[in-house]
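**Student:** Produce the entire structure from the sequences given, and follow the hints as far as they go.
2 protein chains.
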Amino acid sequence: MEERTEIDSLGEFGLIDYLTRNIEIHHASTILGVGDDAAVIDHFGKQTVISTDMLIEGIHFDFMYTPLKHLGYKSVVVNLSDIYAMGATPTQITISLAFSNRLSVEALNEFYEGVYAACDKYNVDLIGGDTSSSQKGFVISVTAIGEVTPMEFIKRSTAQKGDLLCVSGDLGAAFLGLTLLEREKKIFLENPQIQPDLEGETYIIGRQLKPEARQDIITFLKEKNITPTAMMDISDGLSSEAIHICKQSNLGCVIYEDKIPIDDRTKQAALKFGIDPTACALSGGEDYELIFTMSQSDYDKITLSEEISVVGYMTDISEGTHIITKGGNKHKLQAQGWNAFKQ
Amino acid sequence: MEERTEIDSLGEFGLIDYLTRNIEIHHASTILGVGDDAAVIDHFGKQTVISTDMLIEGIHFDFMYTPLKHLGYKSVVVNLSDIYAMGATPTQITISLAFSNRLSVEALNEFYEGVYAACDKYNVDLIGGDTSSSQKGFVISVTAIGEVTPMEFIKRSTAQKGDLLCVSGDLGAAFLGLTLLEREKKIFLENPQIQPDLEGETYIIGRQLKPEARQDIITFLKEKNITPTAMMDISDGLSSEAIHICKQSNLGCVIYEDKIPIDDRTKQAALKFGIDPTACALSGGEDYELIFTMSQSDYDKITLSEEISVVGYMTDISEGTHIITKGGNKHKLQAQGWNAFKQ
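If you read the sequences in order, they're chains A and B. According to the UniProt record's numbering, the first sequence is numbered sequentially starting from 1. According to the UniProt record's numbering, the second sequence is numbered sequentially starting from 1.
None of these hints come from the bench; they were simulated from the model. One or more of the hints may lead you astray.
Where chains are identical, the list cannot tell them apart; a pair therefore holds if satisfied intra-copy or between any two copies.
Calculated pairs, DSBU-like style, for lysine-lysine (alpha carbon to alpha carbon, straight line, at most 35 Å) [claimed, not checked]:
(1) Lys247 with Lys69
(2) Lys247 with Lys136
(3) Lys136 with Lys186
(4) Lys332 with Lys161
(5) Lys136 with Lys210
(6) Lys185 with Lys259
What you are looking at is a predicted structure, and each value in this text was computed from that prediction instead of being measured.
**Tutor:** Below is the structure:
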C-alpha cells in the first residue's frame, strides 16, 4: 500500500519544515528565504518585477487527470511566463496553498517536487508562502519576482504602428490537450472499465499538463539585439492577447490566418475532434507562448528562427483588429478567450 | 432595492478595470502597477522584503459577521504586519481573489474599498493581482512587498540570551471578539428573531474585524534608536510566537503572567465567557501585535511607553520555555496557537 501520512500529524509548521527541507538557494540576491515573517531580496541597480496568479481546483485543473507533480510544475511556470513576458529574469517565487485533509503529506510532497523541478529548471528560489486548510478544493497562489535592467522592461502599451506582430512556438495544442483529457474523463466516468485512449497524443497532452515558459525566446531576442516594442504571454489565446496589446497601445492590427503557427499534431487532433485548428490558436488559451511586436527593421534577424513567426502587423486604431482568413476574407478578431466568469 | 451588478456582465478584464479604476500610486519606486504581465519596482540601495498570506472563507472568516470592507482592510493589514515585523516599510501589495458568481460587483467593490482604505492608511501601492472564479467560497491571497536598509531587517533567529522579551499593545481581544461573534451567529441561526447583543463589546469586535499593523511601534523603536535583536508579529498567540523565536534563536525564555498586557475590556469579556484571559493572550491569535527581543541596556528607553510591555526574558536553551503564573507556579509554554490543520 502506498504510504500516507496525515497532514494533521505534522501540524502547519511541521508541514512547512517538511516541504521546504530541500530548498536550494540559487541567487545571491536571496538574502533571506523561507522561515521568517517575510523574505528579503537584495538589488544592485536592478528593478524588481512582480506577478501573481491563482489556480483553483475545478476551475483551472482537475485532479482526475492532473498529476500533482505536473500541477506544481505548471503553477510555477505560468507565473514565470509573466515575468519573461516583461523581458525580465525571474529570480524568486512564493507559493501559498490551501487544501483539505483529504490530501496526504505524500501528495503535497509530490506537488512540491514539481515546484522544485520548475525552480531548478528556471533557476529561481522559492522564498516563502503560506499554507492553510480549505473546506473544499485545492487552491494555489504563486507570486513570481524577477529583475530587469532599469527601464528595460517591456510593456503591453508601447507597440508602434507598422510594427510586426510575432508569436513564439506554436499555438492551440494546450486547448486540444484539455479537450482530450476532458473527453477521456467523461468516458471513464460513464464506464470505468474503459481505459483512457491517449495513444499518439503526448504532444497536446504535454502542452496542457506541463507547459514551459519561453526563457529561450527572451535569450534569443537579447542575443539578436532585438527589443520588442510590446510583449505579453499567451494564456488566453492569440486573439485575446492581440486585442490587449492593441487596446493598451491604442492601435489596431491585422493577423493572417495562414501565418499562425500550429503544429501538425495539433492540426490532426483538431481534425479528430472536428474543431477548427485556427479557432484553437485564437481562443484556446494556456499555450504560454509569447506574443510581441517589433520594428520591421528587425525582421532580418528573425528569419532563420523556427521558433518565431510573424503573424501580422500593427495598424492605426481606426483600422480595428482583424484576421485575414486563408480564403482571403476579413473578420473582426473576437476576444472570446478563456473567460473564467463566462464558463 | 440595493444595486446588484452581475460579475458576468463585466467579464474578467472589465472587472479588473472597474476594481482598479481609482488606484493611487504613492511610491516613486512603483514604476509600473496594475495592467501588464507584472508590476515593476525600483530600488535605490534598498533590500526588498516579501510576505504572503492566504485567507479562506469558512476557515479565516465568515461572511455572516464579516463586513466585506473590513475583510478587505484586514486582508491587507495582516500582510503588512509581517513586513513591519521585519523592521521594514511596506511599499506595495498584490491581491489575488477567487469567488463564485453569488458575489455581485458591488460586493467586490466593498471589499476593494477596504483594501484601498488600508493602502491609504499604510501608504502602500496596490500593483497587481489575479481574479478567478471559484466553485465555492471566497479566497484571498495577498503578497506584500517592503523595503529596508540593507542588512537592517530583523529576523526571528537572532535573539540573545538575557535579552528582554517585549510585546506591543495588548493581547487576547481579537480571540474574544471572534468568540462573541461566533456565539451571536449560533444564537441567530437557532432563532433569527433574536437580534445580536454586541452592546459594549466594540473593542474586542473591532480587534477581530479591523486589526491594525503596528507601524507606530516600528517608528517608535527607530526614534529611540532601539534595534530589536529578533522580532515577529503575533498572529497565533503569544505562546506560539515566543516558542518560534526561542526555537529559531536556539534559546529558552521565561514569561511572567502578570506582565502580559491585557485590556480591561478583554478581561471583562473573558470573565463573561468563563475563559481565562491569560489563555486568550497566550493562544488566542489574530492580535497582530509585535513580539520582539532587545538588549537589557535599551530598557530605560521604553519605560515611558504605554504601548510596549516587557513580558519576560530570554534564557539558555537548556532552561526551556516557561511561564511563571501569578500564583508563582512554573508551567511549560504550549504552542497550542490557532492551528489551521487541527480545528
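**Student:** Which of the listed hints are not met by the structure?
**Tutor:** none
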